[in-house]
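S.K.: Since chain A is already given, all that's left is putting chain B on it; use the hints.
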Amino acid sequence: MTAVLRAEGLGKRYRRRWALSDCTVDIPAGQVVGLVGPNGAGKTTLLHLAVGLLQPTAGTIEVLGDRPAASPAQLARVGFVAQDTPTYSGLSVADHLRLGAHLNPGWDARTATDRIERLGLDLRQRAGKLSGGQRAQLALTLALAKKPVLLILDEPVASLDPLARREFLQSLLEAVVDQGLSVVLSSHLVADLERACDYLIVLIGSRVQIAGEVDHLLDTHHLLTGPRRDPARIPEDLQVISASHTDRQTTLTVRTEGPIHDPAWTVSKIGLEDLVLAYMSRTADAARRPALEVQR
Amino acid sequence: MIEFHLDARSGVAPYLQLIHQVRQYLRLGLLCEGDQLPTVKDVVGQLAINPNTVLKAYRELEYEGLVAARPGVGTFVTRTLADGSLAALAPLRRELQRWIGKARRTGLDDESIEALFLTTFRSATEGEEDIA
Numbered sequence: 001m002t003a004v005l006r007a008e009g010l011g012k013r014y015r016r017r018w019a020l021s022d023c024t025v026d027i028p029a030g031q032v033v034g035l036v037g038p039n040g041a042g043k044t045t046l047l048h049l050a051v052g053l054l055q056p057t058a059g060t061i062e063v064l065g066d067r068p069a070a071s072p073a074q075l076a077r078v079g080f081v082a083q084d085t086p087t088y089s090g091l092s093v094a095d096h097l098r099l100g101a102h103l104n105p106g107w108d109a110r111t112a113t114d115r116i117e118r119l120g121l122d123l124r125q126r127a128g129k130l131s132g133g134q135r136a137q138l139a140l141t142l143a144l145a146k147k148p149v150l151l152i153l154d155e156p157v158a159s160l161d162p163l164a165r166r167e168f169l170q171s172l173l174e175a176v177v178d179q180g181l182s183v184v185l186s187s188h189l190v191a192d193l194e195r196a197c198d199y200l201i202v203l204i205g206s207r208v209q210i211a212g213e214v215d216h217l218l219d220t221h222h223l224l225t226g227p228r229r230d231p232a233r234i235p236e237d238l239q240v241i242s243a244s245h246t247d248r249q250t251t252l253t254v255r256t257e258g259p260i261h262d263p264a265w266t267v268s269k270i271g272l273e274d275l276v277l278a279y280m281s282r283t284a285d286a287a288r289r290p291a292l293e294v295q296r
Numbered sequence: 001m002i003e004f005h006l007d008a009r010s011g012v013a014p015y016l017q018l019i020h021q022v023r024q025y026l027r028l029g030l031l032c033e034g035d036q037l038p039t040v041k042d043v044v045g046q047l048a049i050n051p052n053t054v055l056k057a058y059r060e061l062e063y064e065g066l067v068a069a070r071p072g073v074g075t076f077v078t079r080t081l082a083d084g085s086l087a088a089l090a091p092l093r094r095e096l097q098r099w100i101g102k103a104r105r106t107g108l109d110d111e112s113i114e115a116l117f118l119t120t121f122r123s124a125t126e127g128e129e130d131i132a
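As you go down the protein sequences, you meet chains A and B in turn.
Heads up: the first sequence runs through residues 1 to 296, numbered per this note's numbering.
Heads up: the second sequence runs through residues 1 to 132, numbered per this note's numbering.
Looking at chain B on its own, in the form it has when it is part of the complex:
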């Protein structure tokens, strides 16, 4: 069973944070097909969070085809995101590590590296959206 956590300062809506966490667990292989997600009451009790927030996140995940609700039993993972991508993770991580090393050698501090990555990532994502 997984456990959720919330970052109150991120400015990201709590239901999105829950969705991101499930997707991330799926990608990393921490959640596999057939695994049960915590019940709404469990999440509510653990995080002191609004039940509709949890329901909204679970509905969205269901809509994406990642989980399915079995009435009276719970919500279960129906698909994994780790398949092909898990194998691709290691080389990508190595490349990123090399890049970070390079950035450090040019004298950038951690904060500048993070800012550079985030702005580049954002502009690249926006570029993709424009093309689509």
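Just chain A, same shape as in the assembly:
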């Protein structure tokens, strides 16, 4: 399968701070990819690099087999909805459609008007007067009507209420079925992406912690609870993501390709949210550790 997005050693530095470092990912086509991580992790930087709004400081990035924004043809194949689904508040819904038709060579007016009709939006209404959910749907309509091969959305549902959020994801995913497009969308809330995505990239502290198919991630991560044991005595084939100990109990989040045979452990499944949280706490621990050594 061809990659929609391929990055190797990709990095972006703002003055002295690396917003994204050593990012290597290979995202296959035909998937809905979730990019998760806390605020400030580098999600927006990665997406802006992917659409060519930013130039990399290090490494390379290819989107649909070409440099981002390399040519008008490349631009036409990638749709981008920036953070919080922006629209022009002074322009009406109809103006937005006219603008879209004027700016995009592959514009599909039928898709656009059908969607606006289905959503029940008034063409004369100014975008500034629309609800948050309606504005998001308008931005999505513009992005879909340009008939992209890859659609990139930065935090599209963050500012929406739960119902608008559900409706937005429903229409996005219906469009995936209809148009067969690939999608990359970011969020700092895993719950938003859990069902919608089949591929997940966890970005924390400017680095990719883990990337892979959601089902595979769920199959290879486990929560182990058992009698307290020395961290040094945990078998090597278990990659410990996070660990907590009380005086009599040890709880581990581990990653392993094989089954867990040790009967001392109670093995439970782990949800996507807990999985991401485990990686976040690991990064937080790693950041604290050197500081402790300095104190000693």
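Among the hints, a few may not be true.
[To be verified] Where chain B lies over chain A, by a calculated footprint (3+ residues, C-beta under 8 angstroms):
{"#": "1", "region": "22-32"}
{"#": "2", "region": "35-41"}
{"#": "3", "region": "83-90"}
{"#": "4", "region": "195-203"}
[Unchecked claim] Think about it this way: if two alpha-carbon atoms lie no more than 30 angstroms apart in a straight line, the pair counts; the simulated DSSO-like pairs of lysine-lysine are:
{"#": "5", "chain 1": "A", "residue 1": "Lys-129", "chain 2": "A", "residue 2": "Lys-147"}
{"#": "6", "chain 1": "B", "residue 1": "Lys-41", "chain 2": "A", "residue 2": "Lys-269"}
{"#": "7", "chain 1": "B", "residue 1": "Lys-41", "chain 2": "B", "residue 2": "Lys-56"}
{"#": "8", "chain 1": "A", "residue 1": "Lys-147", "chain 2": "B", "residue 2": "Lys-56"}
{"#": "9", "chain 1": "A", "residue 1": "Lys-147", "chain 2": "B", "residue 2": "Lys-41"}
{"#": "10", "chain 1": "A", "residue 1": "Lys-269", "chain 2": "B", "residue 2": "Lys-56"}
These are computed hints drawn from the structure, not numbers from a lab.
Beta carbons: idealized from backbone N, C-alpha and C, even for Gly.
M.R.: Showing chain B alone in chain A's frame:
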């Protein structure tokens, strides 16, 4: 037509949840031979779920010989799981009810009964796997 639902907190992969639900509907006789499963777009629209998840579940069910996809028409049930087992359900349920009654009389609360059943069920299933 059936409707799917997802439990986000179960930790079970969504495609497996869909498969389990179809199997369960087949066992309970809610789905019979010839019935159509919801289209991928219907499920996606209803649950805001990834289309590949639905496709994966349907493929798996097809592989098991429970459903067949007719291109351009939809996915249909080809086999039922209810045949012999439906008749066996009632006595088994009665036995289980008797067992639950017994467990309550010994003073176990609902949570302990559930835990006891689940751990026994798990160890019994694991035992079977070892023998196989």
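S.K.: Could you run down the list of hints and mark each one as holding or not?
M.R.: Now the hints, each set against the structure:
Interface restraint, the region 22-32 of chain A with chain B: holds (3 residues with C-beta to C-beta distance below 8 angstroms; minimum three). Against chain B, the region 35-41 of chain A contributes 0 residues with a C-beta closer than 8 angstroms to a partner C-beta. That does not satisfy the three-residue criterion, and the hint is violated. With 0 residues carrying a beta carbon less than 8 angstroms from a beta carbon of chain B, the region 83-90 of chain A misses the three-residue requirement, and the given coverage is violated. As drawn, the region 195-203 of chain A meets chain B at 4 residues by the rule of a beta-carbon pair under 8 angstroms; at three or more, the given contact holds.
The hinted pair formed by A/Lys-129 and A/Lys-147 meets the criterion: a straight-line CA distance of about 27 angstroms does not exceed 30 angstroms. Among the hinted pairs, B/Lys-41 with A/Lys-269 is consistent with the structure: their alpha-carbon atoms are about 29 angstroms apart, no more than 30 angstroms. At most 30 angstroms may separate the alpha-carbon atoms for a hinted pair to count; B/Lys-41 and B/Lys-56 meet this at roughly 14 angstroms. About 26 angstroms separates the Cα atoms of A/Lys-147 and B/Lys-56, which keeps this hinted pair within 30 angstroms; it holds.
Taken as a hint, the A/Lys-147 and B/Lys-41 pair is honoured in the structure, with Cα atoms around 19 angstroms apart against an allowance of 30 angstroms. Between the alpha carbons of A/Lys-269 and B/Lys-56 the distance comes to roughly 20 angstroms, so the proposed pair stays at or under 30 angstroms and holds.
In this structure, the earlier hints numbered 2 and 3 are contradicted, and the remaining ones agree with it.
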